[in-house]
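Chemist: Each chain is listed here by its residues.
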Amino acid sequence: MLYREAGQFKVSYQEDQQIFPIRQDRVGFIAILGFFFLAVPLVASEYWLQAILIPVLIFSLAAIGLNILTGYAGQLSLGSAAFMAVGAFGAYNFMLRVDGMPFLVALAIGGLCAAVVGVAFGLPSLRIKGFYLAVATLAAQFFIVWALVKFPWFSNNSSSGVISAQQIEILGFAFDTPVSKYLLTLGIVAVLALAAKNLVRSTTGRSWMAVRDMDVAAEVIGIRPMFAKLSAFAVSSFYCGVAGALYAYAYLGTVEPEGFNLDLSFKILFMIIIGGVGSIMGSFLGAAFIVLLPIFLNVAMHALFAGSMPAGLGSNLELIIFGGLIIFFLIVEPHGLARLWQIGKEKLRLWPFPH
Amino acid sequence: MGFFFEVLIGGLLSGVLYSLVALGFVLIYKASGVFNFAQGAMVFFAALTFVGFQEVLPGWTGLDADSNVVFWLAFVLALAAMIVLGILTEKVVLRPLVNQPHITLFMATIGLTFLVEGIAQALWGANVRGLSLGIADEPVEWIMESADILVSKFDLFAATLAGALVASLALFFQYTKVGRALRAVADDHQAALSIGIPLQHIWAIVWAVAGFVALVAGLIWGARSGVQFALTFTALKALPVLILGGFTSVPGAIVGGLIIGASEKLAEVYIGPFVGGGIEGWFPYVLALGFLLIRPEGLFGERHIDRV
Numbered sequence: 001m002l003y004r005e006a007g008q009f010k011v012s013y014q015e016d017q018q019i020f021p022i023r024q025d026r027v028g029f030i031a032i033l034g035f036f037f038l039a040v041p042l043v044a045s046e047y048w049l050q051a052i053l054i055p056v057l058i059f060s061l062a063a064i065g066l067n068i069l070t071g072y073a074g075q076l077s078l079g080s081a082a083f084m085a086v087g088a089f090g091a092y093n094f095m096l097r098v099d100g101m102p103f104l105v106a107l108a109i110g111g112l113c114a115a116v117v118g119v120a121f122g123l124p125s126l127r128i129k130g131f132y133l134a135v136a137t138l139a140a141q142f143f144i145v146w147a148l149v150k151f152p153w154f155s156n157n158s159s160s161g162v163i164s165a166q167q168i169e170i171l172g173f174a175f176d177t178p179v180s181k182y183l184l185t186l187g188i189v190a191v192l193a194l195a196a197k198n199l200v201r202s203t204t205g206r207s208w209m210a211v212r213d214m215d216v217a218a219e220v221i222g223i224r225p226m227f228a229k230l231s232a233f234a235v236s237s238f239y240c241g242v243a244g245a246l247y248a249y250a251y252l253g254t255v256e257p258e259g260f261n262l263d264l265s266f267k268i269l270f271m272i273i274i275g276g277v278g279s280i281m282g283s284f285l286g287a288a289f290i291v292l293l294p295i296f297l298n299v300a301m302h303a304l305f306a307g308s309m310p311a312g313l314g315s316n317l318e319l320i321i322f323g324g325l326i327i328f329f330l331i332v333e334p335h336g337l338a339r340l341w342q343i344g345k346e347k348l349r350l351w352p353f354p355h
Numbered sequence: 001m002g003f004f005f006e007v008l009i010g011g012l013l014s015g016v017l018y019s020l021v022a023l024g025f026v027l028i029y030k031a032s033g034v035f036n037f038a039q040g041a042m043v044f045f046a047a048l049t050f051v052g053f054q055e056v057l058p059g060w061t062g063l064d065a066d067s068n069v070v071f072w073l074a075f076v077l078a079l080a081a082m083i084v085l086g087i088l089t090e091k092v093v094l095r096p097l098v099n100q101p102h103i104t105l106f107m108a109t110i111g112l113t114f115l116v117e118g119i120a121q122a123l124w125g126a127n128v129r130g131l132s133l134g135i136a137d138e139p140v141e142w143i144m145e146s147a148d149i150l151v152s153k154f155d156l157f158a159a160t161l162a163g164a165l166v167a168s169l170a171l172f173f174q175y176t177k178v179g180r181a182l183r184a185v186a187d188d189h190q191a192a193l194s195i196g197i198p199l200q201h202i203w204a205i206v207w208a209v210a211g212f213v214a215l216v217a218g219l220i221w222g223a224r225s226g227v228q229f230a231l232t233f234t235a236l237k238a239l240p241v242l243i244l245g246g247f248t249s250v251p252g253a254i255v256g257g258l259i260i261g262a263s264e265k266l267a268e269v270y271i272g273p274f275v276g277g278g279i280e281g282w283f284p285y286v287l288a289l290g291f292l293l294i295r296p297e298g299l300f301g302e303r304h305i306d307r308v
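Order-wise, the sequence lines are chains B and C. Using full-length UniProt numbering, the letters of the first sequence map in sequence onto residues 1 to 355. Using full-length UniProt numbering, the letters of the second sequence map in sequence onto residues 1 to 308.
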């Protein structure tokens, strides 16, 4: 009843092309942003901020990165965690070795480092595709983690490559409380997500999708597949790199290369499968789902079995439910939570008079 | 020079194990076009089920734990479990996903990996277990005396077993009715359907055969390094093997496995010291990657032609 576009006329091309063509969407979007920027810091406890909201935001960013590569450009990657590692270690080294390096610049440089590495490992995508490419990105995953452990220069000669992130400070203001870290993360993620949303609607984004749908046909109509694929790798790795730097600075504080292992890559892949392949919104939904599910399972199992549970069953049950859900989602709704959201919106437009 | 050959032979023999895992991939990929990431989890599941039955069977039947009867009974039961797993996979996971893009099927098998790992550990526990096939892991004496090279008896046994497995699979594919149907399906799904080959039965059979291969691989790997979660990582090592050999070629899987096994060991010994060691983890991938740039379809793979 409330969610109708009746009476909203578009009189210019600009209005026709905006991200949220329906007024209710715009209001809703601003309300959601306002809620997360203003209301959440006031009411959320430290645990919620530090253990749930910050990781959800960071993983959303990484999922957007992977979604750009896999969902929009159609290049399956199993190495996103490695690009996160490059971002984290890149930002760390620039903070460490350049005096007075502003944090946000270090973050961007960390992302750029990841982008360069991403392009290097994306080069094989010009010759190979599909599963072959997936294996090629596995090479990135193993090689990068190995290199970060083996060459102590990257971690400033600390044992086994552990780095402790420096204090975040912007213009003299120290971000050391969970609330301030949360707001910083939220700001960065919001800006980058908006940029990504616009990017995928632009010429570049459309050429990615053309390459995804059929690369030979895309080439025939004049899209340069090399530029499209490599730019997808660069942008995707940039997002993953920034996410990795935030992972180190805003979330964990100390990270080691082994923390960015294949499991993390798979986790991010699951986020985009469950959230929705080829959807920015879906990246957020998937990240929230994957972060919250283990916590929810934990609470549920403690409530159900109350201490009588055999040790180890919990983690196995988690594996089973995870795997089962992936298969379930792929069978029932291959387009993920984002598609459910869309269906909900379409239903809402007709409600309460569906005829 | 003796040392070189020792490393080479050790690498080749461990390559045989990679080949075994890669073989399971190739079988399923050929028949149904599914890139089965869960093959490693299946190896783990098979080995764990076998060891689990070996542990509980003496209690159920009152037989001596070391007797041959228990061994073969556990083998048959584990094989049955693998066949059930294969058929269930086909029915529950693959059938509803028919005609979906390859990437969707691939991701479904990643989900399957987690599911199978979870079920295996929930059923049998997550402890590392020993597994004995009754072959000692000691050097063969006459080779040591005549050529001064250490070659493990166990490795030779594993290689022989793998060879026998490949030979019997080749015979099965070449000379039985089911095998012929399998080859027809691998060649062209639609043509096979149109002459009355029940596609879904064939897929169930292929998954069961892949389960059997996984069981054999799991037994050998398990006897070598203990039955533990790390067995699932064998799947990751099988991927560069597949790239080298081509996804659709059984001989490719064998040759690719041997090349990967040998080159990673040689690289570790001869290149490793210059860069700090531990390059075994990624060297096969980089090798495979370099190879891809020259020959994208692998050693024995089919050339892929794009049509618009």
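Since the hints were made in silico from the structure, they are not lab data. Check each hint, because a few of them may be wrong.
Examples of chain C residues toward chain B, derived with CB under 10 Å [what the hints assert, rightly or not]: (1) Thr104; (2) Val128; (3) Gly130; (4) Tyr285; (5) Leu289.
These numbers were taken from a predicted model, which means no experiment stands behind them. For glycine and all other residues, C-beta sits at the position ideal for the given N, C-alpha and C.
Chemist: Taking the hints in turn, state whether each one holds.
Modeler: Checked hints:
no., hint, in the structure
1, Thr104, "holds, 6 Å"
2, Val128, "violated, 13 Å"
3, Gly130, "violated, 19 Å"
4, Tyr285, "holds, 3 Å"
5, Leu289, "holds, 5 Å"
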